[in-house]
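J.: Residue numbers (the numbering used here), protein chains in the order written: chain A, 1 to 251; chain B, 1 to 210; chain C, 1 to 473.
Some hints here could point you the wrong way.
[Unchecked claim] Below, a sample of chain C positions facing chain A; criterion: calculated Cβ distance under 8 Å:
1) Tyr174
2) Gln195
3) Val333
4) Cys364
5) Pro447
[Unchecked claim] Cβ pair distances, simulated, as ranges:
6) C:Gly170 - B:Glu77: 27 to 33 Å
7) A:Gly78 - B:Thr23: 46 to 52 Å
8) C:Glu100 - B:Gly21: 53 to 59 Å
9) A:Pro63 - C:Leu437: 23 to 29 Å
10) A:Glu234 - C:Asn44: 50 to 56 Å
11) C:Gly172 - A:Glu234: 22 to 28 Å
12) B:Thr23 - C:Pro403: 39 to 45 Å
13) C:Lys104 - B:Tyr102: 33 to 39 Å
Please keep in mind that the hints were generated in silico from the structure rather than gathered at the bench. From the three backbone atoms N, C-alpha and C, an ideal C-beta is built for every residue, glycine too.
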Amino acid sequence: MPQNKSRPTGRKVMLMATCLSDVFFADMAKATVEVLEAVGCEVIFPEAQTCCGQPAFNSGDFPAAEKVARYTAEVFAGDLPVIVPSGSCAAMHFHGTDLLFEDKTDTEKVENLAGRTWELFDFLVNGLGVKQWSGTLNKKIALHHSCHTRGSDTGAAMETLLSSIEGVELVEVGTPEQCCGFGGTFSVTFPHLSGEIGQVKLDSVLAQSPDLLVSADMSCLMHMGGLAEKQDKEIETRHAVQVLRDVGLNQ
Amino acid sequence: MSEAQDIVMGAVKQALSGLRGKTSLPDYESEFLFSVRHKESEQDGWTEFGENFSAVSGKAMNEVGDLVEFLKEGGFEKGYCDPELKEQVGEVLVAAGLQVSYAFDHQRVDDYVFGITRASGVIAESGTVILNDEDTVDRLAALAPWVHVAVLTDQKKVFANIPQAIENLGNSSNVIWVTGPSKTADIEGILIEGVHGPGVQICLRIGGEN
Amino acid sequence: MSKSVQPIDAFARDLPRETRDAVLSSVMTRTAGRKAKLEADYENPDDLRRLAGKVKQHTLEHLDEYLEQAEAALIKNGATVHFASTAEDAREQVLAILKENGAKRVVKSKSMVTEEIHLNDFLQKNGVECVETDLGEFIIQIDGDTPSHIVQPIIHKNRRQVAQSFEELGLGDYNDDPQTITRRARKHLREKYLQSDAGMTGANFVSAESGRLVIVTNEGNARFGMAANGLHIALVGIEKVVPRDKDLGLLLNLLGRSATAQQLTVYTQFINGPRSKSQPSGPEQMHVIFLDNGRSRVLKSKERDILRCIRCGACLNVCPVYRQTSGHGYRAVYGGPVGAVLSPLLAGDDFSKYADLPKASSLCGACNEVCPVNIPIPELLLRLRSRANQEGIKSAGSPPMAPFAKLATSPKLWQTAMTASKAMNHLPITMMPVRPLQEWLKIRTLPKWSGGEFRRWMREREGEPRMDTNKHE
């Protein structure tokens, strides 16, 4: 889906680390800060932040989602770009709020936040014009394009930066249309379906025998990695920003 | 108006009452629908048709002689021919030893292995033969036999593309676009040609330049 | 409905592996074929989908005007036009037309809308033989089964099962070669055509401008049904109308490619009334029945976009959930993403009966990406989830969201919870407090909890003043 092309950019940014970073993925959040700083950004982390509200939204509990979305809009008030290392949370800001607030008044703050939100890779490449990442990594990388980055500029941006790293070989994963099966609460409410859906995707990934499975969404990686680990299948998962950080921060 | 109509139309009107910000009807140029292949094609219409028709398992022919050869080789020896095509096609077949009937008997539709009727046009872009009720001597004659031969006599009826063919649908009550032989993939996705309609679809142009 | 397991999840779990694999591989092939065809033929196929979506949306929003236009044009062409408000009305009208004409034997071309009103059983009970002529639908009929895909009704069956059914029907000795099966069906059904008194079809599109009905088939069954007898009855959903003949070109270009990776379906028929005067074969009467059956109610709802659907089946093929369940998992005539939206809406007062279907989606959006009329299916699923929530319809296995909202709007509580839950790392799986979580962990591991770690790191770094802690609580 088309995103707002007139989003603010600049090297002073606010970071929305995502709730999953709070719970599981501290290292990915750290990598995000380090990478943003490596390209000259000043990163502000509003400590009161919690979650984008997507779990409630996707469950159909719009009143609960509205509360969280309004709260988040308050936390990120201002005029700085808001950077999210997750295509999914970014999509919640871009598209979710349109539906959530369609009949509401007093939506200025949520609309304002939607207009300032960038998925991290989209921001690096299209917001800041960073198209090269120097360093070497002799690995075969399978890229998983998460569903919530469909039609966005994130996938291409991620490919641009990863393929600029010396030694990286990007491999095509079959069934590009197939979801990883996570879907947030979907995986809890429909555990069998979710697992089987993930298995289809995982099989496509493993067929390429990559050294790394990389995505712009930690949640997909968590699901596929969790399935693989239970089956004793070796697959190392990394958020794309962790790859950049590990390759080197002297940019 | 019937009562049922009142109820349905009333429900539709009621559903739409108060709907604001309605979508306007978009307009668009015919070219917008053309495939890349058609846009870039520099061939004449009949040649483009032939290639596309062949891509959907159809057979385009330029000479009655080719038809004779095909029917003889395939063992398709008995069939029906539209009397209007008797001189140009039927008699050539008879001379070559094939059995041709000029009357289509509804009691024995399965006896005709081939059926030769007139085409109302072709579409180059999609490899489609156009049949209509006025030019087709009998719907069953163009449908029941295993081999259907649509004969194009009017060279002007080579339409470049789908929008042009739509503009020229005319007033016929029954226009059929035939894009290849009858087919199915219902069983395990395996393609089988010749389900209810012809298993072989031919388009023969006569009076053309080639 | 079991309290703890979602019906579609249980259906997928219990579906024979062989059936699942047949469905999965078939729809994956179709998905790849569709994509390859559209991308080979158009520089930007999405432009075409968006345009078609607008045309259909416009039509729906002006449906009263276009229906009136279509009706007038059809009458002018010599057709008789009827309207049916409910499935029952439609069945009675079909029967009345057949009775008036003394028609006892009907051949039917594939039509989802006749499935929707369960026409076959009804006619059979009233002494009318009604034979399905699409190969797949014919097999469904002799097996007493229901279609599990809009375009490929027997996607859940293999050749051996079909061969058995044919043997039982007396169509020859057991033979599971698809070509032999097809030839036998050709022979058997040809008899049925030639003995028929009437042909029934649906319609893919109706042009309001000219009254033309467009009917597409690959097998030629609709052609035969309209060549071998004198009476044609078309049962058409009111949403099938399009404004202009030119729009037929747009939609046909998308329908074949989206459904079966064909530029055009083999037979595209433009029916403009009864047969012409010079034509010896085909219907002398043409009846068109416009069916509402809940559509006007959908039109009134904010989910009206679903009525744009042209029944190509592309959303089923691409849907990760459909791929695991087949159409039968959706417990209604329409399966897959379109069914998950349409079934609860068409159910009217029985909304709650199908309210679980819109939840059975990871909201991955693949359906929207392939839809030839660009229906925002994920958005519609969300709207229906919200409706279920508002109506207080409980859903198996769904965690409640009010506590989440409370937590996610109280930063101190949030941070405490994130840190405290670290204890989870030290609990064995079987002691996990929530049952759904146990299910989750049966086949997946969870990463190590690192609650609070990032925030601590952030605080401890140089440049601490960047932390913005002033605003809340």
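J.: A separate judgement is required for each hint: does it hold in the structure or not?
T.: Structure-based check of each hint:
{"no.": "1", "hint": "Tyr174", "in the structure": "violated (33 Å)"}
{"no.": "2", "hint": "Gln195", "in the structure": "violated (46 Å)"}
{"no.": "3", "hint": "Val333", "in the structure": "violated (21 Å)"}
{"no.": "4", "hint": "Cys364", "in the structure": "holds (4 Å)"}
{"no.": "5", "hint": "Pro447", "in the structure": "holds (4 Å)"}
{"no.": "6", "hint": "C:Gly170 - B:Glu77: 27 to 33 Å", "in the structure": "holds (31 Å)"}
{"no.": "7", "hint": "A:Gly78 - B:Thr23: 46 to 52 Å", "in the structure": "violated (36 Å)"}
{"no.": "8", "hint": "C:Glu100 - B:Gly21: 53 to 59 Å", "in the structure": "violated (45 Å)"}
{"no.": "9", "hint": "A:Pro63 - C:Leu437: 23 to 29 Å", "in the structure": "holds (25 Å)"}
{"no.": "10", "hint": "A:Glu234 - C:Asn44: 50 to 56 Å", "in the structure": "violated (40 Å)"}
{"no.": "11", "hint": "C:Gly172 - A:Glu234: 22 to 28 Å", "in the structure": "violated (53 Å)"}
{"no.": "12", "hint": "B:Thr23 - C:Pro403: 39 to 45 Å", "in the structure": "holds (41 Å)"}
{"no.": "13", "hint": "C:Lys104 - B:Tyr102: 33 to 39 Å", "in the structure": "holds (34 Å)"}
Hint check: violations occur at hints 1, 2, 3, 7, 8, 10, 11; the rest are consistent with the structure.
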